[in-house]
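Colleague: If you want the building blocks of each chain, they are given just below.
Protein chains: 2
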Amino acid sequence: MSSVVDARRGRLLIIGGAAGPGLLGRFVELAGGAAARIVVVATASSAPTAAETEHLAAFESLGAGRVEALRIANRSDACDPRVEPVLRSASGVFFTGGDQERITRVIGGTVTDSLLQELVAAGAVVLAGTSAGAAMMSGTMIVEGDAPGVSRACVRTGPGLEFLPGVLIDQHFGQRGRLNRLLSAVALAPHQLGLGIDEDTAILTDGDDFEVLGSGAVTVVDAGGAEIIRVPDRGPITLTGCRLHVLPAGHAFHLTGRRPRVIENEAS
Amino acid sequence: MSSVVDARRGRLLIIGGAAGPGLLGRFVELAGGAAARIVVVATASSAPTAAETEHLAAFESLGAGRVEALRIANRSDACDPRVEPVLRSASGVFFTGGDQERITRVIGGTVTDSLLQELVAAGAVVLAGTSAGAAMMSGTMIVEGDAPGVSRACVRTGPGLEFLPGVLIDQHFGQRGRLNRLLSAVALAPHQLGLGIDEDTAILTDGDDFEVLGSGAVTVVDAGGAEIIRVPDRGPITLTGCRLHVLPAGHAFHLTGRRPRVIENEAS
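Top to bottom, those sequences are chains A and B.
Going by full-length UniProt numbering, the first sequence opens with residue 1, and the numbers climb by one from there.
Going by full-length UniProt numbering, the second sequence opens with residue 1, and the numbers climb by one from there.
Same shape as in the complex, but just chain A:
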């Protein structure tokens, strides 16, 4: 589907939360369907057993060949040598939702982290994440913030695990009216492309390209060409000349070229 494939990046399925069977089934299919070996990581969740059980059942019912949970509750788990054979035998790894800072705090810089980077770059696994599991994939993560308006105070960011560098990802996007906080985050880091992913919606990367999947849309905020950006300590941000694209399924986007395009001739 992509004309330019960047060998540095494997395939990522980044879901804005609340994935329905269509998206989860697509993940199973990408991981090999009946031959898939799927590993669920619920590190973000405060109730990992429930999150694991729910996802294992979903992937089994969607025909995945083998599914298992990998419990990584703390940094010693993430450095445990038993992690390596589990991940090396996987064809798909799925990060559940919860708190994205738990993922970066527990996994960041560990052997689990570097092994996942290696396996994704080699194209050995499809890496998927929903909600917090989506946020952590970005270069800069939106950690929290639901204050009104576009201001420094209305968003808190932190470093992501950079599976997809150069982007800021926000989730539950349309459902929670988060365009203001994504605009705020992009004004603070205009070199990063803002991606707001709706619930039951995902981007599937392929090199420097991504395709939109699911029932909602992906909102792309590109402040690269912005003429005036002012971020006062208090009060509203100024941001002029920002480009914005709202892309449902049937559309793709080239990340480095910052260009949307239509895949299908007619979406409606």
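Bear in mind the hints are in silico, worked out from the structure with no lab data behind them.
Check the hints yourself; a few may be wrong.
Some chain B residues near chain A, calculated using beta-carbon distances under 8 Å [claimed, not checked]:
1) R105
2) G109
3) E144
4) G145
5) G174
6) G177
7) N180
8) P236
9) I237
10) L239
11) T240
12) H251
Derived coverage of chain B by chain A (criterion: at least 3 residues anywhere in the stretch with Cβ under 8 Å from a Cβ of chain A; other residues may be distant) [as the list claims (entries may be wrong)]:
13) 159 to 169
14) 209 to 220
These numbers were taken from a predicted model, which means no experiment stands behind them.
Positions of the beta carbon are idealized from the N, C-alpha and C atoms, including for glycine.
Guided by the hints, dock chain B onto chain A, whose structure is given.
Modeller: Just chain B now, kept in the frame of chain A:
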């Protein structure tokens, strides 16, 4: 402040709701301060007496020379010959919040409507409106819609009274996270410029120019240069290449040129 003055348009103060004394005081000042003759129209309100009382007290306490309420509850009120001398003696007319469709239904096409258009165009009155009173000033009014996402279903529009033609105005903008519905409305009518006005924030027009006033920001959505717009009956809208500006006080915007600019050298 404006270099281009369009004689067709008088001065409009369009407030996104919840105006503090700074903005209300600016209205009193524009209407002449101690010499001001202010008329409050609470047609939008379901509790007009309370809305009138509150606004009369506010304008009096801010030093307005004379304040009075003009009760226009139905179309016979709006056609009553007693309206004319009241409006002709006014230097400022203020429309309160409530339901914007009550304003267009009760006043649209009546002698009150044409008289206001005449007085504003002549520069005889400053016309101000907050919330519903702001919405009705536009060419196309956003009537309702708070569904998530960017879609046809998430916004309902109707014709405004066109004191400021060519624009779509939304209010309580940052506070209610309404960028999605403004994007939806602009995708449905890309010739209209979308203006999302925060609470305690206003635009003050001067010919083809407006200046931003107050504590929040005005978000301008310009789909004039959008490359792809698809609005299916159901499901998410596609909109690519939309321009967006977030403008707090200290900034102005040229409506026909669709260009923002800085008024002050430093906003922070």
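Colleague: Hint validation: H251 of chain B versus chain A, beta carbon distance must be below 8 Å. Holds or violated?
Modeller: Holds - the Cβ of H251 of chain B comes within 8 Å of chain A, reaching about 6 Å at its closest.
Colleague: Taking the closest Cβ pair, is E144 of chain B under 8 Å from chain A?
Modeller: 15 Å, violated
Colleague: The hint names G174 of chain B as touching chain A; please verify it with the least Cβ-Cβ distance against 8 Å.
Modeller: Since chain A brings a Cβ to about 4 Å from G174 of chain B, closer than 8 Å, the hint holds.
Colleague: Hold the hint about G177 of chain B up to the distance rule: shortest CB distance to chain A must be less than 8 Å.
Modeller: 3 Å, holds
Colleague: Once the shortest beta carbon distance from L239 of chain B to chain A is found, is it less than 8 Å?
Modeller: 4 Å, holds
Colleague: Under 8 Å, Cβ to Cβ, is where N180 of chain B needs to be relative to chain A, so tell me if that hint holds or is violated.
Modeller: The hint holds - N180 of chain B has a Cβ within 8 Å of chain A, the shortest such distance being about 6 Å.
Colleague: Just to be careful: measuring from the Cβ of R105 of chain B to every Cβ in chain A, is the smallest value less than 8 Å?
Modeller: Since the shortest Cβ distance to chain A is 29 Å, the answer is violated.
Colleague: In terms of beta carbon proximity below 8 Å, does the region 159 to 169 of chain B have 3 or more residues touching chain A?
Modeller: violated (count 0)
Colleague: Have a go at the I237 of chain B hint: is there a Cβ in chain A nearer than 8 Å to its own Cβ?
Modeller: 6 Å, holds
Colleague: May I ask you to test the interface hint for P236 of chain B with respect to chain A, counting a Cβ-Cβ separation under 8 Å as satisfied?
Modeller: At 4 Å from the nearest chain A Cβ, P236 of chain B passes the 8 Å test, so the hint holds.
Colleague: Per the CB criterion, is G145 of chain B less than 8 Å away from chain A?
Modeller: 12 Å, violated
Colleague: Interface hint check: G109 of chain B, Cβ to nearest Cβ on chain A, cutoff 8 Å. Holds or violated?
Modeller: 35 Å, violated
Checked against the numbered hints given earlier, this structure breaks hints 1, 2, 3, 4 and 13; the rest are met.
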